[in-house]
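Colleague: Below are the chains, spelled out letter by letter.
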Amino acid sequence: MKVLVTVKRVIDYNVKVRVKSDNSDVDLNNVKMAMNPFCEIAVEEAVRLKEAGVASEIVVVSLGPQAAQEQIRTALALGADRGVLIQSDDNLESLTVAKLLTKVVEEEQPGLVILGKQAIDSDNNQTGQMLAALTGMPQGTFASEVKVADDKLQVTREVDGGLQTVELQMPAIVTTDLRLNEPRYASLPNIMKAKRKPLETKTPEALGVEVKAHTQLLKVAPPAERQAGIKVTSVDELVDKLKHEAKVI
Amino acid sequence: MAILIIAEHDNQSLKGATLNAVTAASQISADIHVLVAGGQCQAVADAAVKVTGVSKVLLADNPAYEHQLAENMSLLVAELGANYSHVIAPATTAGKNLLPRVAALLDVVQLSDVIAVESEDTFARPIYAGNAIATVKSLDAIKVMTIRTTGFDAAAAEGGSAEIETIGALHDAGISRFIGATMAKSDRPELTAAEVIVSGGRGMGNGENFALLDSLADKLGAAVGASRAAVDAGFVPNDMQVGQTGKIVAPDLYIAVGISGAIQHLAGMKDSKVIVAINKDEEAPIFSVADYGWVADLFEAVPALDAKL
Ligand SMILES: Cc1cc2nc3c(=O)[nH]c(=O)nc-3n(C[C@H](O)[C@H](O)[C@H](O)COP(=O)(O)OP(=O)(O)OC[C@H]3O[C@@H](n4cnc5c(N)ncnc54)[C@H](O)[C@@H]3O)c2cc1C
Ligand SMILES: Nc1ncnc2c1ncn2[C@@H]1O[C@H](COP(=O)(O)O)[C@@H](O)[C@H]1O
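These protein sequences, in sequence, are chains Y and G. Per my numbering, residue 1 is the first one in the first sequence, and the count goes up by one each step. Per my numbering, residue 1001 is the first one in the second sequence, and the count goes up by one each step.
Hints listed in this document are in silico derivations from the structure and should not be mistaken for laboratory results. C-beta: ideal position from N, C-alpha, C; glycine also. Don't take every hint at face value.
Stated by the list, open to error - For lysine-lysine, the following DSBU-like pairs were computed, each having C-alpha atoms within a straight-line distance of at most 30 Å:
id: 1; chain 1: Y; residue 1: Lys243; chain 2: G; residue 2: Lys1280
id: 2; chain 1: Y; residue 1: Lys103; chain 2: Y; residue 2: Lys2
id: 3; chain 1: G; residue 1: Lys1273; chain 2: Y; residue 2: Lys219
What the hints assert, rightly or not - Now the in silico label distances, taken between C-beta atoms and shown as ranges:
id: 4; chain 1: Y; residue 1: Gln227; chain 2: G; residue 2: Ser1119; range: 43 to 49 Å
id: 5; chain 1: Y; residue 1: Met1; chain 2: G; residue 2: Lys1219; range: 49 to 55 Å
id: 6; chain 1: G; residue 1: Glu1300; chain 2: Y; residue 2: Ser187; range: 42 to 48 Å
id: 7; chain 1: Y; residue 1: Glu106; chain 2: G; residue 2: Glu1163; range: 27 to 33 Å
id: 8; chain 1: Y; residue 1: Asp151; chain 2: G; residue 2: Glu1163; range: 44 to 50 Å
id: 9; chain 1: Y; residue 1: Lys247; chain 2: G; residue 2: Glu1283; range: 54 to 60 Å
id: 10; chain 1: G; residue 1: Glu1283; chain 2: Y; residue 2: Met1; range: 31 to 37 Å
id: 11; chain 1: G; residue 1: Lys1308; chain 2: Y; residue 2: Glu70; range: 32 to 38 Å
id: 12; chain 1: G; residue 1: Lys1219; chain 2: Y; residue 2: Ser21; range: 44 to 50 Å
id: 13; chain 1: Y; residue 1: Asp12; chain 2: G; residue 2: Leu1309; range: 51 to 57 Å
id: 14; chain 1: G; residue 1: Ala1154; chain 2: Y; residue 2: Lys147; range: 14 to 20 Å
id: 15; chain 1: Y; residue 1: Gly53; chain 2: G; residue 2: Gln1012; range: 42 to 48 Å
id: 16; chain 1: Y; residue 1: Arg226; chain 2: G; residue 2: Ala1233; range: 25 to 31 Å
id: 17; chain 1: Y; residue 1: Glu70; chain 2: G; residue 2: Leu1309; range: 49 to 55 Å
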C-alpha cells in the first residue's frame, strides 16, 4: 500500500510571532521555519507503517514556496521515499490545498493519506476533512491510534469527552493528533541519503487548479495584552485577594 | 438571510456550546434555524425549540446520523446548507470534524474559531496560537464557520417557541462505521462550561497527586484541567488538555498549578477573567499572565489553600 503524507512549512513552534506595525499581517522576516509539528507526527506514522510491512511506499507532498523543499527533505531523511513539491508563492487557502492534493491523490492512488490535524500558523484544522470530502474518502480526524486490517482502517480519535473509535473503508484520510506517536530525529547518514531521493516539482497550473481567493485578510492585530498582576506570599493573602479584590470565590 | 446552526448533542441533551453559536448567529441575522441530526434525538429538538432566538428546528432523526459520522452528516448538511447564507457550528471536536467537509462540498472555505462578528461577511479569528487576531472578509456566497464558544455568551435556553420541521433526507455514505467510545465520567462541570478551573502540569509529578487538585476543585465547584505535558506523561486523560490544540477555556477563575506557561498552553486559557499561578520557579512565563502569582512549592501551597476554603 502506498501512503501519502503532507508536510507544511510553518513558523517554528517555539517562536512567538509579532504583528507588523501596519497591522497588515504577521512578520515572518528572519523567523525560524520548520515542519508543522502535526506533520512530523504524520511522517512518523507513515514510517512506522512501512517498518511494520503495511506500507510499501511513502510519498511526501508539500505546497508552498521553493523553500518548502527543506521540509520535504526532512521527511525524506525520516524515511519517506520520494517527494512532490507543488510550488506556488501565492497564498494557498485550505480549499485550494485540498483541491491540489486531490489531483495528487488521483495520480498516486494511495491507500492512505495522513495529514496533520492543524497547521500551527493558520490554526485552520480543515484541510484533511476537505480532502476527504473532495475524494469521497472516509476520514479519521484527530487520531491517537491507527490500525490497518485488510482493507479496513481502525482509527481511535481524540474527541471532547474522551476517545472514539471508527472503522473506515480504505482508501482513507487520517489527521494526526499529538499523542499518535513520538516522532524520531533524522540521523546524519539518513540526511545525506535523503539528498539523493527523488523530489519532483509541479505547479497549480500544471495540475489544472485555479488558485482562487475565498477570503480577504483585512487586518492582523496583536491580541489584548494581559498585564502581569502581583505576587502573593501567603495563602491568607491569596484567599483575601480572591475573596475581596477579584471577588471570584 | 437565514442561518443554519448544527446542534451539538448526544441524542439526549442539547449541549451548551450550541447556545453560544446561537448568540454568534444572532449578531448576523434574526432568522436562525437549528439542525438536530441524530438517532432517537427528539428530546434534543424539543430542547432546541425553547432556545431564545431560534426560529425553526430541523429534525433529521435516522440511525445513519446517530454517531455524527462526518461522511453521512456532511452530505445532509451540505444539501440543507445550500439554501442558507451561513452555516455555523461550535468549534468543538464534533464541529471541527464535520464542518470543513461540508464547506468543501459547498466549494467554500471554512472560517475556523471565529471569536467576533464584525458584519455579515467579516469576522475575527485567532491565528498563530492566539498571538495574532485576523480580521477576515469572506468572499464566498455561503459562509461556513465554527465559532469559539468563549467568544460569545450563551443564549437563553428557555423562552423561545420555534416550530419543528422533520427532514426526511437520508444520506448514508456507507464508508465508515462507529465502533465504540470511551468517555471520561466526571461529576464535575465540563471544562469549557466551568466557572472555575484548577489545572495541573508536569509539576504535579504523577497522576495520584492530581487528587490534591480534585479536593480543591470539589470545594470550588471547579473543573480540573491539565497541560499537555501532564497528559503526555499519562497523569490524566487527553480530554483534560487545555491549550492551542486542546480545549479553549475562559472561566472566571483559572488556577494553574505546576504549569510553566508555554505559548500553546496560554493560547487556551489567557482569556480567563482571573488567573492564579502557583509555581516554584519565579521566572516561569505563567506569571506574566497571572493576576495573582504565588512562588511556592505546590505540595505545600495547594493543601494550604484547600484548608483555607
Ligand atoms: C504543536 C504543539 C501543540 C501544543 N499544544 C499544547 C496544548 O494545547 N496545551 C498545552 O498545555 N501544551 C501544548 N503544547 C506543549 C507546550 O509546548 C509545553 O510543552 C507544555 O505546555 C508544558 O507543560 P507544563 O507547563 O506542565 O510542563 P513544564 O514546562 O515542564 O513545566 C512544569 C512547571 O512545573 C513547575 N514545578 C515543578 N515542580 C513544582 C512544584 N513542586 N511546585 C510548584 N511548581 C513546580 C516548574 O517550575 C515548571 O514551571 C504543545 C506543543 C506543540 C509542539
Ligand atoms: N501548504 C501545505 N502544504 C502541505 N501540507 C499542508 C498545507 N496546508 C495544509 N496542509 C496539511 O493539512 C494539515 C492541516 O492544515 P490546516 O487545515 O491548514 O490547519 C497540515 O497539518 C498539513 O498536513
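Colleague: Taking the beta carbons of Asp12 (chain Y) and Leu1309 (chain G), is their distance inside 51 to 57 Å?
Modeller: 42 Å, violated
Colleague: Does the beta carbon distance between Glu1300 (chain G) and Ser187 (chain Y) stay inside 42 to 48 Å, or does it fall outside?
Modeller: This hint holds: roughly 45 Å between Cβ atoms.
Colleague: Are Gln227 (chain Y) and Ser1119 (chain G) spaced within 43 to 49 Å by their CB atoms?
Modeller: 31 Å, violated
Colleague: I want to verify a distance hint. Is the separation of the beta carbons of Lys1308 (chain G) and Glu70 (chain Y) within 32 to 38 Å?
Modeller: 54 Å, violated
Colleague: Could you tell me whether the CB distance from Glu106 (chain Y) to Glu1163 (chain G) stays inside 27 to 33 Å?
Modeller: 45 Å, violated
Colleague: Is it true that the C-beta distance of Gly53 (chain Y) to Gln1012 (chain G) lies inside 42 to 48 Å, as the hint says?
Modeller: The hint (42 to 48 Å, Cβ to Cβ) holds, given that Gly53 (chain Y) and Gln1012 (chain G) are roughly 44 Å apart.
Colleague: Straight-line Cα separation of Lys1273 (chain G) and Lys219 (chain Y) no greater than 30 Å?
Modeller: Status holds; Cα separation ~26 Å.
Colleague: For the hint 49 to 55 Å, verify it against the beta carbon of Glu70 (chain Y) and that of Leu1309 (chain G).
Modeller: This hint holds: roughly 53 Å between Cβ atoms.
Colleague: Has the hinted range 49 to 55 Å been met by the Cβ atoms of Met1 (chain Y) and Lys1219 (chain G)?
Modeller: 54 Å, holds
Colleague: Keeping to a limit of 30 Å between CA atoms, is the pair of Lys103 (chain Y) and Lys2 (chain Y) held or broken?
Modeller: 16 Å, holds
Colleague: Using the Cβ atoms, figure out if Lys1219 (chain G) sits within 44 to 50 Å of Ser21 (chain Y).
Modeller: 47 Å, holds
Colleague: If I claimed the Cβ atoms of Asp151 (chain Y) and Glu1163 (chain G) lie 44 to 50 Å apart, would that claim hold in this structure?
Modeller: Given about 45 Å between the Cβ atoms, the range holds.
Going down the numbered hints, you'll see the structure goes against 4, 7, 9, 10, 11, 13, 14, while the others check out.
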